[in-house]
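Residue-level listing of the chains:
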Amino acid sequence: MTKKIRVLMAKPGLDGHDRGAMVVARALRDAGMEVIYTGLRQTPEMVAESALQEDVDVVGLSILSGAHMALVPRVLELLREQGQERVVVLVGGIIPDDDVPQLLELGVVATFGPGTSTDEIVRAIREATGTHDSD
Amino acid sequence: MTLTERILQGDRLALARLLSELEDQSTQGAETLGDLYPHTGKAHLIGITGAPGTGKSTLVNRLVKRFRSNTPLNSSPAPSVAVIAVDPSSPFSGGAILGDRIRMRDLAGDAGVFIRSMASRGKLGGLASTTGAFTMAFDAAGFDLVLIETVGAGQAEVDIASSAHTTVVIDAPGLGDDVQANKAGILEIADIMVVNKFDLPGAERALRTLEMAMHLAQPGPSTLPAGWEIPVLATVATTGEGIDNLAQAIMNHRRFLKESGGWGAREQIRVETQLRQDLASFLLGDFMDRLVEGRFDTLVKAVVDRQLAPLAALEALLRDGDQ
Chain A
1249 MTKKIRVLMA KPGLDGHDRG AMVVARALRD AGMEVIYTGL RQTPEMVAES
1299 ALQEDVDVVG LSILSGAHMA LVPRVLELLR EQGQERVVVL VGGIIPDDDV
1349 PQLLELGVVA TFGPGTSTDE IVRAIREATG THDSD
Chain B
-1 MTLTERILQG DRLALARLLS ELEDQSTQGA ETLGDLYPHT GKAHLIGITG
49 APGTGKSTLV NRLVKRFRSN TPLNSSPAPS VAVIAVDPSS PFSGGAILGD
99 RIRMRDLAGD AGVFIRSMAS RGKLGGLAST TGAFTMAFDA AGFDLVLIET
149 VGAGQAEVDI ASSAHTTVVI DAPGLGDDVQ ANKAGILEIA DIMVVNKFDL
199 PGAERALRTL EMAMHLAQPG PSTLPAGWEI PVLATVATTG EGIDNLAQAI
249 MNHRRFLKES GGWGAREQIR VETQLRQDLA SFLLGDFMDR LVEGRFDTLV
299 KAVVDRQLAP LAALEALLRD GDQ
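Chains A and B supply the protein sequences, listed in that same order.
To get my numbering, take the position in the first sequence, counting from 1, and add 1248.
Residue 167 in my numbering is what sits at position 169 of the second sequence, and the numbering runs on without skipping anything.
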């Protein structure tokens, strides 16, 4: 049996708009991935706990609130603490260009702003997890 | 330390890794489960099933919270609880959106709870083909209760009955008349029947209809010694109304199984069903491996083109496989 890519899609923080996250989740599903969708208002601790229990390959964080510089480092730290440093972390939403280099340095594999095509996200996940085939 | 040792010591990451190995049907997964098997047999396996939208996930959330609260049911300290939440895979892409965790956020941060989402990966019947392996892994890891939430079930997704000790079937008002309640299938597998969303119009009627249907049922399903009367309970999962009764009914059923010998009967059915399923999937895989590449597709095409009848295609396949 072929190994499926498992992705946790989470919305940490307080903003209440998950249309974008849902569109991405749907695109990943259509690309043959298994997407665990956790819904709104997750704390970094909740995200890390779900990532552990679900043993995901990828964590996708959708953040529109502007709190990414507080939330993302905390998620990365928790993942590392629990021994999940191999998990690929991607961030989507409203991320100012100035913040991107710092996020990448912290260990985020890629960030995606408004207007990103879902194909681009699928491609980035396949590259980062080393699975180029369609399923 | 081996994966087996880590799991027996309560390492949650190791357990999560094993579940992935089992899901991908790897050799390491099978070997580890083999090593863990002597440590299984203690957990109470509880199936939660029902049509899509009847509130299964919300009810599981409430139920787990109830089991984890300190007010004693039958056991103190509070039992540890694992949840296996199965959602369907897309028949086209093979992908899935697993959304049961959305309703279970109240359970976050509780070290005595472990939730794992699972895609059905093409298996019909309401569960994934490796759900049984997951229950064994959780059992060996020391979880007292394993709740298995099925895919939103129609009338015939009844695999859960042969995978769990106790099956809870969830219904909601407005889903059908009393003929639906008397059809064969999902209602026959209930050990406990629940009408959720009891605050909606038509709830009383749904409850009466189900009570009548359960009353007409032969005393005790054939898989169980006589003496268990199927309770029909009313709940409102969003507010928690009726959850105490449901938790109590589940504990009562466990006690009934233990005292009547039904527990052993259910175990036998579970093991037998699993072995049959594993055998069928092995034989199919083995047979397909022995066919000449492309032979299967050629025969499918011949049937589609009306050059060959379906049964003739089967005979041709069996002839090929014998050689």
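Honestly, the hints are just simulated from the structure, not real lab data.
The reader is advised that the hints may include incorrect statements.
Stated by the list, open to error - Residues from chain A that face chain B, not an exhaustive set, calculated with beta carbons under 7 angstroms:
no.: 1; residue: Glu1282
no.: 2; residue: Tyr1285
no.: 3; residue: Gly1287
no.: 4; residue: Asp1303
no.: 5; residue: Gln1350
By construction, the Cβ of each residue, glycine as well, lies at the ideal position given by its N, Cα and C atoms.
Holds or violated: is the Cβ of Asp1303 of chain A closer than 7 angstroms to a Cβ in chain B? holds (4 angstroms)
Holds or violated: the hint that Glu1282 of chain A contacts chain B, with Cβ atoms closer than 7 angstroms. holds (5 angstroms)
Do the numbers back the hint for Gln1350 of chain A, that is, is its least Cβ distance to chain B under 7 angstroms? This interface hint is violated because 28 angstroms lies over the 7 angstroms limit.
Using Cβ atoms only, decide whether Gly1287 of chain A comes closer than 7 angstroms to chain B, and label the hint accordingly. holds (4 angstroms)
With a cut-off of 7 angstroms on the beta carbons, see whether Tyr1285 of chain A makes it to chain B. Constraint on Tyr1285 of chain A satisfied, holds at 5 angstroms.
In summary, the structure is inconsistent with hint 5 from the numbered list given earlier, while agreeing with all the others.
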